[in-house]
Every structure is written in structure tokens, then in C-alpha cells.
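Participant: Residue numbers (my numbering): 144 to 572.
No lab work stands behind these hints: they were computed from the structure. Please note: incorrect hints may appear among the correct ones.
[Said to hold, decoys possible] Lysine-lysine pairs mimicking DSS-like chemistry, simulated, CA-CA at most 30 Å apart:
id : residue 1 : residue 2
1  : K209      : K512
2  : K298      : K415
3  : K298      : K209
[Said to hold, decoys possible] Restraint ranges, calculated between C-beta atoms of paired labels, are given here:
id : residue 1 : residue 2 : range
4  : G418      : R362      : 14 to 24 Å
5  : P493      : R306      : 31 to 41 Å
6  : V210      : H147      : 50 to 60 Å
7  : H147      : R249      : 33 to 43 Å
Heads up, the beta-carbon is just placed ideally off N, CA and C, and yes, glycines get one too.
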Amino acid sequence: MEVHTQRELVGHGGRVFDCGLHGREPLLATASEDGTARVWDLAGGACVGVLRGHVDEVLRVAWAPKVVEESCGAPLLATAGADGETRLWRGGGGCWASGGSGCEPRLLHTLVPAVAPGGEVEQVYGCAWTRCGDSHGAWLLTAYGDAVTLWDAAKGCAARSWRYDGSGRGAAKRDGDCFVFDVSPFADAEADPASHAAPCETLVACAVSDGTVRVHDVRAPEPQTVLTATGSGARLTAVDWQRSGAAAGLCACAGDGDIHVWDARTWRATLKLRGAHAQPAYGAAWRPGADAGGAEPFLSWSCDGCLGFWDTRDDAKATAPCPWKDKDGAPKPVAAAPAAKARAATALVPIFDDDGARVPLFHCAFDPKGDFIVACGGGGGGKHAPRREFEPSVFVLDLAGGDGDDDGDDDGRSPKKARRADSGDEAEE
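Kindly generate the complete structure, drawing on both the sequences and the hints.
Facilitator: What follows is the structure in C-alpha cells.
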């Protein structure tokens, strides 16, 4: 597997923890340790917006799906931070377009979960949109401490919340703490609803620090399916679904560098992907359209600075029908099954900065076509470290062409070939 750097986006003054591609426009959002979120125009590589307001690190960004954008008449971006807040920003008027009108995005809501008197502020580790929900047509999901909250984005208030007590069958709680480090709805909010079985619309998976993944209907947190990362005493850091029509899988990443894969039709553990990452794996995802064949369809990333490429296709194909729920409407319980097969990566690709050092990777986002990915991270640590330690922190990496040449099929989403795009703060909000 060859990976070619198309562009390096430089502008943040700290590590970049998350990135998200807009589903329909060539826009990228990034969340950083420097306390800001930025919006980038991928067509030209310029920063077209700097969102300020969080009083601590910004940890997550999530673009609202098409149904929400159509409802409110403008792009909506959620930013979540270590200050415990989730902020909803409304674009529109060309303010996030290259050479736009210069208008400022409007802060619609600041969402703050209820905290018990004397309780400590928790960081918001998970932020994602569902397909079902409020008057906008989708709820916003956030993970805050041991709780998951569904937010009504139209009203700016919590619609439902539930907590996890760490009583899963995985690793024991540490120091009495239980955290939800990631949330992932099954239904891709941008995909055609016809591509999913109807019951899947409301399923959500949560990566919990007790070593389990909890799967349930967002409308009814109980009962739930509990999936255990067998043989891993490490906390789970991320979770994601395989959402293609031909297969359905669920993966979870662990602090020991392993990635666990389940067949989401039967909840049977199928694979343990190991040996690629010597440090915590912070995420993994199936390449869009992977079931059509071609290059390795599964990608993982880690703070060791490497991208791992895997072939999971043989085990991801399920022959049984998809029993998402039992006759009472609850998620189907996990049946006894053989141990998951161990599998090694087919390729391991390190990402280097200009000084030849590996860049710890915190998140990657796939282009909807699977032609390129955006990887973000950064070394050093600490908001007051010299800025040079963090440059560059956002990379656009080509996965399509072997030599990185333009194939001429430019729909405006694919970034133009360039080595570096430096950004000032001329577009600050």
C-alpha cells in the first residue's frame, strides 16, 4: 500500500485531536489542543474559519447531516471540548467558502450536561449525529464522563441521557472510574436510508473504559448488547461500524494497540488485529466501498505514528440473515462463539513530519469515495510547548492513484496537489 501526501495543513498552535469531512462540500473541520476549531477549504487548502469560545482543548468536531442542514438552511458544526461543553455553530452566507463574504458563523447553542453539585467537569470524548431525532431530523450524541446524552439540536436541550457503571464483562474498573471514550451510530447520517435494514437506523455503539462495547437502541438504552474485547485488559479508545450493504461489522480499538472486530449480524467476534501498533490504537475504519474489492479495505491509526492497513474481507462476509433485534425488539444477545482469529496487518505506513519524526495520529477521516484520507495528530504535548513541535499536524493523504497523479475526475471535493498550505488568522470568528 502506497500513501502519498497531497497537502499539509498548518495553522493550529497545538496537537490536532479530531477532523471531520463535510458530506457534500470540500470542507474539513479540525479540533485542536490550542482551544480552537478550524474550517478548511480542501479545494484550495486555505483556512476559512477559526472558531473560538472553548476555554480548554477542543477534542471533537462533527458536521451535521444533510437533513439538519436542509432544515436550518445552513451548515451546522458541533465542537466538543475538555471544558465539558459542546457548541453548535451555524454557517451560511458563504462564511465557510473560499473567498467568502467574511460573515461570522453564529453560535446557536452551548450544550452543557447536568453535573452533580461538587462534581468535576468531565471532558467530552464522543460527538456524533444520529439519523433519527428532533425537529431537525437528527439528534446529536455526546459522551461525557460515564454518560451519553442525546441532544435536541433545534431546542438546544437534552432529550435523553444514560450512564454506564462499568459492570460489563470486560476489564475491571480502575480507581472506580468509568468513561465513554467514543460513540458511533450505525446509520451513516449521510447515506441512503435504503442501504440499511430499518432496525439499524437507531442503533448506537459506545466504547467504554471497562473493556466493553455497549450496543443498543438510542431510544431505549436498556436492554443492551455487551461485546467484550476478549484478552485485552486495556481500555477501549474508539468504535466504528462497517456500513456497506454487503456486510456489517463493528470494530473497537484498545489501549494495547489491538483492534477487535465483530460480525454485527451475529455479534460473533471474528478477528483480533494485532502486531501493527506498539502504542494505543486511537481509531479504525472500513474504507468506503471496500466490499467492491481493490486495496486493503480496513485502516487503523495510532499514537505510534503509523497507519495500519488490513484485509478483513474474508471474515466480514456474513452468510446468515441480519438478526438485529429479537422478537421483543431488543438488540440480539451475544451467543457463545469460537475465539476471534488473530490477523496481522498487510501494510504499515509511518507518517513523518518535515524533520523526519513520526507524527502521533489521533484521528483519520475518509473521503466518501475512499480516494483520500485526512490524518491529524501532533507530537510534543502541553499547550505551552513551542509551536514548532506541532507542525505539521494535519495531512491530506492520497489512497487512490499509485503515483499521486490527478486522474482528471475532479468533483471539487478532492484536494488539489500541493505540499503545504500555511494559514494565518485572517478568517477568525
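Participant: It remains to establish, for every hint, whether it holds in the given structure.
Facilitator: Hints, one by one, checked against the model:
no.	hint	verdict
1	K209 x K512	17 Å, holds
2	K298 x K415	42 Å, violated
3	K298 x K209	18 Å, holds
4	G418 x R362: 14 to 24 Å	40 Å, violated
5	P493 x R306: 31 to 41 Å	39 Å, holds
6	V210 x H147: 50 to 60 Å	35 Å, violated
7	H147 x R249: 33 to 43 Å	38 Å, holds
When held up to the earlier numbered hints, the structure conflicts with 2, 4, 6 and fits the remainder.
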